[in-house]
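A.B. asks: Turn these sequences into a full structure, and let the hints steer you where they fit.
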Amino acid sequence: MYRIITKKYSFEEYLIYKILLRMKWTGIMLLVGMLQLSANTNAQKVSLSFHNAPLEKVLNEIKKQSGYDYIIYSSANLSKAKKISIETKSVELSSVLKKIFKDQPFKYSIASNTIIVKEGKSSREFFSKEQEIQQVLRGKVQNEKGEPIVGATVQITDKKVDSDKVVVYTNSLGNFEITINPDSEFLEVSSVGYITFKTKISAVREVITLQEAVTELEDIVVVGYGVQKKANLTGAISSVDMKDVIGNRPISSTSQALQGAIPGLQVTTNSGRPGLNSSINVRGMTSINGGTPLVLMDNVPVDIDKVNPQDIETVTVLKDAAASSIYGARASFGVILITTKKGSFNQPTKIDYNGNFTSTNSYDLPEKATPLEMIQALKNWGTQNYWTGQNIDSWLKLLQEYEGNPSLYPEGKTVLNGLNYPLAKTDVIRDMMEPGFELLQNLSLTGGNANTAYRISLGYVDEDGILYTSNDRYKKYNLNASINTKVSESFSTALNVLYLNDNQTTPKNIGTLFRNAISVGSFVPTGTFITETGEVLPYNNPDNLLKYESPRNNFGDQLRLFGMLKYSPFNGFDINAEYTFTKSRDNDRATFASWKYINATTYDIATMNPNSSYARNFSNTDNHALNVYASYEHKINSRHALKGLLGVNYEKNSFESINSSRNDLLSSSVPSLSTSTGITQSSDSFNQYALSGYFGRINYAFENRYLLELNGRFDGSSRFPKGRRFGFFPSMSFGWNISEEKFMLPYKSIISELKIRGSHGEIGNQVYGHGGVQNYYPHFSGLETRNVEWIDPATNVRFLGLTTPSLVSANFTWETVSTSNLGVDLGLWNHKLQVNFDIYRRKTSDMLAEGSKLPATLGAKAPIQNVADLQTDGWELALRWKDKINELKYSLGFNLSDNQAKITKFDNPAGLLSQYYVGQRLGEIWGFTTQGFFTVDDFESGSLDEDLMNGKLKEGIAPYRGTPQNPGDIRYVDLNGDGEIFIGNETLDNPGDRSVIGNNNRRFQYGITGALEYKNVDMSFFLQGVAKRDIWISNQLYWPYQTNFEAVYKHHLDYWTPGNSDAFYPRNYRDATGNTGISRHVQTKYLSNGAYLRVRNITLGYTFPQDILKGVFIKNVRLFLSGENLFVFKHTPKGIDPEINYSVESNSGGAYPFLRKYSFGLNLNF
Amino acid sequence: MLCVAQSCNSKLDLKPKDQLTVENILESNHTALTYTLQFYEAFAGYKGNEMLNKEWDGDLFDRGAVNPTGESPWAYNRVNVPNSSDLYTIPFQRIRSINVLLDQADKSSMNEADLNHWKGIAYFFRAYNYFELLRYYGDIKWLEHTAQDTDMEALYGNRTPRTEVADNILRDLKFAVEHIKAEGNGRNTITPDVVRAFISRFGLFEGTWRKYHKQSGSEVFLKASFDASSVLLTKYPSLHENYDELFNSNDLAGVKGVLLYKQYVPTQLTHTAATFSRSSSGRHDLTKKAVDMF
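Heads up: the protein sequence lines correspond to chains A and B, in order.
So in numbering that gives the first Met the number 0, spot 370 of the first sequence is number 369, and the numbers just go up one at a time.
So in numbering that gives the first Met the number 0, spot 44 of the second sequence is number 43, and the numbers just go up one at a time.
No lab work stands behind these hints: they were computed from the structure.
From the three backbone atoms N, C-alpha and C, an ideal C-beta is built for every residue, glycine too.
It cannot be assumed that every hint is accurate.
Now the in silico label distances, taken between C-beta atoms and shown as ranges [what the hints assert, rightly or not]:
{"#": "1", "chain 1": "A", "residue 1": "T903", "chain 2": "B", "residue 2": "Q147", "range": "23 to 33 Å"}
{"#": "2", "chain 1": "A", "residue 1": "T532", "chain 2": "B", "residue 2": "R277", "range": "31 to 41 Å"}
{"#": "3", "chain 1": "A", "residue 1": "S671", "chain 2": "B", "residue 2": "T20", "range": "34 to 44 Å"}
Taking lysine to any residue pairs in the SDA-like style, the calculated list, with each CA pair at most 25 Å apart, reads [stated by the list, open to error]:
{"#": "4", "chain 1": "B", "residue 1": "K10", "chain 2": "A", "residue 2": "Y916"}
{"#": "5", "chain 1": "B", "residue 1": "K14", "chain 2": "A", "residue 2": "N622"}
{"#": "6", "chain 1": "B", "residue 1": "K10", "chain 2": "A", "residue 2": "Y775"}
{"#": "7", "chain 1": "B", "residue 1": "K14", "chain 2": "A", "residue 2": "Y916"}
{"#": "8", "chain 1": "A", "residue 1": "K721", "chain 2": "A", "residue 2": "N865"}
{"#": "9", "chain 1": "B", "residue 1": "K10", "chain 2": "A", "residue 2": "S583"}
{"#": "10", "chain 1": "A", "residue 1": "K904", "chain 2": "A", "residue 2": "S844"}
{"#": "11", "chain 1": "B", "residue 1": "K173", "chain 2": "B", "residue 2": "T33"}
{"#": "12", "chain 1": "A", "residue 1": "K901", "chain 2": "A", "residue 2": "Y916"}
{"#": "13", "chain 1": "A", "residue 1": "K341", "chain 2": "A", "residue 2": "R1117"}
{"#": "14", "chain 1": "A", "residue 1": "K860", "chain 2": "B", "residue 2": "D166"}
C.D. replies: This is the structure we're talking about:
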């Protein structure tokens, strides 16, 4: 690799040689990828020790130490050289060379990592102008801290307007060398994140210090099929740097990292289970038929949680139609653009390692009442016998005895009249959990030379959840490799390979598991039971189910290949062709082995999975996407700037699955289809869709003051029949940069940016389905197979029959989503304070719904028609303050958003509350207004018996219809004054005594971020919350003893009794009979406040000072501590999290809790 | 590279790979059988509430869980007239399935005997479903072909008079009895004898209805019933000796005099009639009147 070129080259020959060499290099690099590049860790200081050594030997040593590529002796006979004696230690190369060439018959120069030696007199003027060899300008670029800036662009601008620019980049020490000629006039130095420095060459000093850009205004933001300067944006677009959002947080899911980060982007996660995906929404209610934002990477859809968040550079959310319409029909409810990290040109090789070691635990678990408290409560409610037969009085007596002296019943239970009476307090909820451990590791290698840039990264995630055993686990491997190459000045290519492999094991019937855990009393026995025959059987408690049931295993992988060719025939004109192929495979494996257990409540012996079986599912999805687009940028003098884009898109997606299962496993240790002997059931399914679109965009800017953007897309979808397949979706937006106006110039120091934006656009919503079910062929009416309710006498199995084709309406078409947006961007005090505000209205028109009901003689469900309208109004605010006080750098961010949706058209003439109706606010909760408890005084004196029952209400006090009320029952307000409480006929005209008492939409969602950096210490925090939300929680955690199969919780004990008439909960009756249900109708008193504030993350970091690392090959070491979900401020009872959607895993109230995580980690850079 | 609109449009023509279309129904005996199997679901058996519903409305049967006082909702005027009822909508859904097949008959390339067999099966089930509707509603819209959502006459036209409906039912059944193959489609499927048993029941109902409502044409139905019954009586001279076993057996295969029965198999096809009887789930029981009758 180190070679001295002794052949005498002319300078011209040398240049040709270099170019040839470069090209060869490029070829090699294309072949072997990234590993070819050697670490370009040039040390620009050299240490020499020579005595009377030949010049060639000394230069060789210099080359070795400096990492210079070549030393060229042009027409120089080195034998003429004088012997050299030199002794230096870590001295700048330039001064060493000066010393060496002093008194030599040669002159030398340095250009592009090459030392050129020529015959001639040593001189400070390296090359004379007569030889037409340019002068070399050297310098160093650093930041305000004095740290070198690597990869900064340095260019010379000529006096001649149209001449080619000379561009070089700084090396790993921040040094650059650039050749200048007599025409050169200006030097410009720029780097991302810094203010561009421009000066006359004559004024250049050796060290150029770049000022950090406080604003990102000069930054470019990724928009549909291109980029746009932040200052020139006209649509409602929010963009975040992933490193600001995720930092070192111990989370592996991209969507969860984005929660609270972007105003208007709502991320909801249903539980804390490892590997669980989140749902994403942009700007609230979409359509009554559902609708999600489109997530794209390289202009092609991607599953956001299949991308390693550490591979993501930025996430851009296109919120209004003007910004998203270029993506057509699927973009009606917002677009999320993911840009992955890539290598840059002229960067030294960099290796980064991030590791998180995280301990996880549950918090805020529900707490059950003790056995004594629970049985006492049951007695108070009038229970005589527990549902499994135990006498409550006897049980209570035993428990009191046991409480006083546990040694009376050392086994914690006793048998009375043949019935088991468990006495000891157990906790099956905590038994099923143990601390979890998570490991997150990321390693990346980045770099690039002048023509090729690369990045390769590996990610590894291993999350062992908090459930007992390791059957609750998620593992993920990510590989991401990208390479960009400039083949020639006008031609470049890029290749990106993403591979993901994940494996999730989930305990079977996880919902049942949690329901079981929360519904049994705190007295259920745990562990094992020895039967009369001496058999040891496990109780069917959750911890045993986790131990004995084999888990369900989901595993799969995804390969995504991206190839791009870019051709730029002339300045400003680019043609891009991008092809993406994605192959995803999903597997599912479940074993249902038979095993015996004893029921912990009834003490019956039973068998789990009496018919053992094994199930295996496999599916494959192939997605092909082609995007070809051309863009052209043109400036007409300095006032008009025009940009145009035109392109086509074609995408095809095919899905295929095979599902198979077989009964009667021979052995549960070798479960497979082949080792089972029973009936095999198998099926397959196929789905396909294709899209094709033509899109275009025009941007026009007048003096950067008036901005205009027009977008359009002509989009076609295979989901529609021929003739209705294509739709055209236009949008327009404008911006006015007020701060660029002349009259604003005097205030520039205060108001650095003021822009008003407005937009309007219409996008057709491609209907994905109705009622949440994907429909790939809504225009096709096919016959599917199903098991009919008729037995085949030959096999004793249900016949497989065909279904009747459904009725397809000939006249349904796209839903239309139109968004109008008005926004203001304001930057104050040189962008120290940045404010963005957007207000919008989104109308979803012609939503598909079952239109006017057709007579039943049709014999089929009325076909859906475009009959309903919806309107969402909302706003978003983002504030950011960024400043520094001496060495203390700090920033504070705040975002807040709100939206509300209402139905503006729906065919419900009767005003049924069970359906949508015009004027309905989505999420509204209808209920009674609570007046309080019925008191003894509400009854005619003497009419109540000794149990405070069977009383006669005083005149004018309204009971619930047909209900003999008792003291302690809930008394509702008789809103309609008809003397009784009732739900009316559940219509708008007659809602009885109910009214809208709340709304379960998340209102005023906010995120607060902060970061501090002082010398080597840094700290960041992230809070997220919802300021207003009502939730009606009706599960066994909230309500005491909804049925006799449930447990009583600590917080349930505050129930009404004659002695506790100030209680929270109303009077309970035996086994939840009597008026129990009447008191628990949806009402104001028990409507929970779903607002919360969560301290999502606090991270503390320490970066080792540079001088400690001197001489070590590690460039940077940072240690950090990070805590996730540290605190939550909420209003719901213990054990109920307002963020968990209890209906997902089971609507019992049991769900996998969110995890609190403590993480230690380190970042290493080499 | 840039595909023109036309070719892109054809790239968007995608059809499901795992679904047949209506053209396939009468492609072969196999497809026809598979399609017609769903017609058998018209026989409710003990499933869900369909059979029991009819009993609750009488006064021999009580649902303790729903009606703890045992008061008949009819007697106490607590019955709401529903906006829609499965008794009306479900037979029409089945009739649509049947008409979809019949509408394909002209396009089928099957041989005539096979085709007529399938038409016969369809006619039998159409008659069966119309008989259900006829009993509840009398006049009822007769649909000879599949109704479309744009077919105003089918959707909003007047009901067909019951006499015409009954005539159509008999016409359909006569075709069925003549063209359904003697062995049907194997064990426990529709055979001409099953059709005869149904004609016997329907003819008696309609014949007596007309007779006692003093309407003409009762003899036609009574004679049809008589003729059908005669054939059956000769073919099946003896019946099963234990009446109770006809309702309480695990399997009715091979039981004397049983032409068609709904079979239940654990894990395959079950019913909940027993679960709801005298248990906390439904507290179904006989009324005192029913007990007194025994």
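A.B. asks: Decide if the proposed pair is consistent with the structure: K904(A) and S844(A), CA atoms, cutoff 25 Å inclusive.
C.D. replies: holds (9 Å)
A.B. asks: Within a Cα-Cα threshold of 25 Å, do K10(B) and Y775(A) meet the stated pairing?
C.D. replies: holds (15 Å)
A.B. asks: Holds or violated: 34 to 44 Å for the Cβ distance of S671(A) and T20(B)?
C.D. replies: Roughly 37 Å apart at Cβ, these two residues keep to the hinted range, so it holds.
A.B. asks: Quick check on a hinted range of 31 to 41 Å for T532(A) and R277(B), using CB atoms only.
C.D. replies: holds (33 Å)
A.B. asks: If you draw a straight line from the CA of K10(B) to the CA of S583(A), is it 25 Å or shorter?
C.D. replies: Judged against 25 Å, a Cα distance of about 22 Å means the pair holds.
A.B. asks: Please work out if K14(B) and N622(A) have their alpha carbons no farther apart than 25 Å.
C.D. replies: holds (17 Å)
A.B. asks: CB of T903(A) to CB of Q147(B), is that within 23 to 33 Å?
C.D. replies: holds (31 Å)
A.B. asks: With a cut-off of 25 Å on the C-alpha distance, tell me whether K14(B) and Y916(A) pass.
C.D. replies: violated (36 Å)
A.B. asks: Compare the distance between the alpha carbons of K10(B) and Y916(A) with 25 Å, and conclude whether the hinted pair is satisfied.
C.D. replies: violated (40 Å)
A.B. asks: Please work out if K721(A) and N865(A) have their alpha carbons no farther apart than 25 Å.
C.D. replies: It holds: about 18 Å lies between the C-alpha atoms, which stays within 25 Å.
A.B. asks: Holds or violated: K901(A) and Y916(A), Cα atoms, limit 25 Å.
C.D. replies: holds (9 Å)
A.B. asks: For a C-alpha distance cap of 25 Å, please report whether K341(A) and R1117(A) respect it.
C.D. replies: Holds. K341(A) to R1117(A) sits at ~23 Å (cutoff 25 Å).
In this structure, the earlier hints numbered 4, 7 and 14 are contradicted, and the remaining ones agree with it.
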